[in-house]
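For the protein sequence lines, the chains are V and X, in the order given.
Mind the numbering: the first sequence is residues 1 to 247 in the working numbering, read in order.
Mind the numbering: the second sequence is residues 1 to 437 in the working numbering, read in order.
Hints listed in this document are in silico derivations from the structure and should not be mistaken for laboratory results.
Misleading hints may appear alongside valid ones.
[Stated by the list, open to error] One-sided and incomplete, this derived list gives chain V residues near chain X with beta-carbon spacing under 7 Å:
1. 15
2. 18
3. 19
4. 63
5. 65
6. 105
7. 212
8. 213
9. 214
10. 217
11. 225
12. 228
Beta carbons: idealized from backbone N, C-alpha and C, even for Gly.
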Amino acid sequence: MLRLRNLSAYYGRVRALHRISLHVAPGEIVCLIGANGAGKTTTLRAISGLVRTEGQILYDGHDLRGLPPEKIVEMGVAHVPEGRQLFSDLTVLDHLRLGAYVRRVPRREVERDIEAAFALFPALGERADQPAGTLSGGEGQMLAIAKALMARPKLLLLDEPSLGLAPMLVREIFRTIKKLSEEGLTVLLVEQNAMMALEVSDRGYVLETGRIVLEGTSEELLGNREVQRAYLGKGRGGFLEGVRGAI
Amino acid sequence: MKAQMWNPEVETLPREEIEQLQLERLQSTLNRVYHRVPFYRQLFDEEGIVPEDITSLSDLANLPFTTKEDLRRNYPYGMFAVPLRDIVRLHSSTGTTGFPTVVGYTANDLRHWSELTARVLVAGGVGRDDIVQIAFDYGMFTGALGFHYGAELIGATVIPISGGNPERQIRIMKDFRTTGLLCTPSYALFLAEKMEEMGVSPAELSLRVGLFGAEPWSEEMRRQIEERMGISATDNYGLSEVMGPGVSGECEEKAGLHIAEDHFIPEVVDPKTGEVLPPGEQGELVLTTITKEALPLIRYRTGDITRLIYDPCPCGRTHARMERVSGRTDDMIIIRGVNVFPSQVESVLMAIEGTTPHYQLVVDRSGVLDELEVWVEVGEEIFSDEIRKLEALEREVRDALEGVLGISVRVRLVEPKTLERTSGKAKRVIERRRSEL
Chain V
1 MLRLRNLSAY YGRVRALHRI SLHVAPGEIV CLIGANGAGK TTTLRAISGL VRTEGQILYD
61 GHDLRGLPPE KIVEMGVAHV PEGRQLFSDL TVLDHLRLGA YVRRVPRREV ERDIEAAFAL
121 FPALGERADQ PAGTLSGGEG QMLAIAKALM ARPKLLLLDE PSLGLAPMLV REIFRTIKKL
181 SEEGLTVLLV EQNAMMALEV SDRGYVLETG RIVLEGTSEE LLGNREVQRA YLGKGRGGFL
241 EGVRGAI
Chain X
1 MKAQMWNPEV ETLPREEIEQ LQLERLQSTL NRVYHRVPFY RQLFDEEGIV PEDITSLSDL
61 ANLPFTTKED LRRNYPYGMF AVPLRDIVRL HSSTGTTGFP TVVGYTANDL RHWSELTARV
121 LVAGGVGRDD IVQIAFDYGM FTGALGFHYG AELIGATVIP ISGGNPERQI RIMKDFRTTG
181 LLCTPSYALF LAEKMEEMGV SPAELSLRVG LFGAEPWSEE MRRQIEERMG ISATDNYGLS
241 EVMGPGVSGE CEEKAGLHIA EDHFIPEVVD PKTGEVLPPG EQGELVLTTI TKEALPLIRY
301 RTGDITRLIY DPCPCGRTHA RMERVSGRTD DMIIIRGVNV FPSQVESVLM AIEGTTPHYQ
361 LVVDRSGVLD ELEVWVEVGE EIFSDEIRKL EALEREVRDA LEGVLGISVR VRLVEPKTLE
421 RTSGKAKRVI ERRRSEL
């Protein structure tokens, strides 16, 4: 479904990604793990057309590079950015209608999808008319995801959905992601909470300083001692730097 | 009937998906070795290469080779890409060609290894209901333990008999109703010989399949083993430096060994110039490991002579095949400028009535001239016979060998069972020219 080949990304003249290659097969949940500044968020922003890139971003066989972000959304790629980016004055319902905007479909169909969103996240249904600014962190994250789903994406890019949430809420969010994936949605997930991310994902890539240093099934990555030390709270330091001279 | 596969999804992956996977894994492997292994850091720096210069599989050709010599120089742990505490197993190469080398495995490396030997076993006809007798030497050699865990993963019953004691091998085979035999092809032939000696016929055994590897063997040898043991025999390939057995194995088509391309990238190069050869051309196999954590190797010169086949295989597997190894670059003897492989001699002997596939090549030098003498064991029935017949046989062998090799050869017939038998790798070449080099 998604295939990156030698993708580089730039912020101004700074190169944040160094020719990374990765893929996400239909129906898969794939996670990117890595330290702060490793290039995880940049990868998602590159796919969504938000940063300058070089290389290839093949989505269903089409190169997304150079397309405007709204066109990429129209093609079925939805992006839930880190920090949710909701409008505090707009209500839950407003956000969901906004999310459906790119589809340009009859109102009736939109209303049906809103019902489905409320079924997925009952807490949102109860707060349909509340401004987003009054929602809790967890509800805000649910709304951000529900809003992205309103575009009926085939590929969902999720940036740090666990950020700032209590563990119980994180688990609930991840359960929902898993459920969506079982219904056919493809997910590329960025997480600092590597343990949680690997538990929900099929496969993962480890990013460090803008480079992929390891790839594998979640089981393999969880079983990798260096991943354990660097990202699963069993040690300190990055993946490549953490163990120099340890032999 | 559909071919049996251990991991059908991966083993039939479309070519472009294999290549995407290979590129991803190659790039992450390069990033790791560049940061982790001083040897590679230095090697790449010397060539002015950084990992991100490699943007396609064909760029691989721009990277320097890794040789057995490099492994020796970094003995024992210098090439490891993880700290020693992450290593859960150590093996050692057999050291038949010199100083031994050490191979380390992480837990994930072992998991992959089992998966890959399981693929080879299933391709060779082993299933969960089989009883496999592993007659490779257990210990530091990778052959036995590599297959051991793969067979257990499948759910087969494993008899870890190890090498040696042929009478016991045959007794166990009979009593335990062994259905699959794993050993070197020369040892299989030796067991066949032993069976005949003990008066055990294949019909008394439950043996169905044999998976043989660790040394080059010929099609003729396969035919003999199959006939004398009443089994279907397949070839498999691996080398301890890159993992052990499981690198490649034949399917039921017996037309080349499928390489686990999701774990290794194969190339064939000209052994002299190091230039990459197009698919189908014969040369030295070079392997790059793309999933190994403990001991990743970039463009490792295997020393094994083969060719790569990318044509689709009727079995449905999409992974490239390598032709059965026809020899080793370091087994290749150059006699008066002509390349000679022991396997060529073997093919000739197999076709001649009265000889056995037990042979040795003795290379010597008289004055400035290289000389090749081939020692061949003859069958029991011949040796007791008259001298004239022996002379005729000697002539027949010599003429046939000279016809195939294109050089003059001396042939010496030796008595049955006088050449050394081993459950390890058979020693085919005795080099006596060394002192003058």
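Hint by hint, here is what the structure shows:
no., hint, verdict
1, 15, "violated (10 Å)"
2, 18, "holds (5 Å)"
3, 19, "holds (5 Å)"
4, 63, "violated (15 Å)"
5, 65, "violated (15 Å)"
6, 105, "violated (34 Å)"
7, 212, "holds (5 Å)"
8, 213, "holds (5 Å)"
9, 214, "holds (6 Å)"
10, 217, "violated (10 Å)"
11, 225, "holds (4 Å)"
12, 228, "violated (10 Å)"
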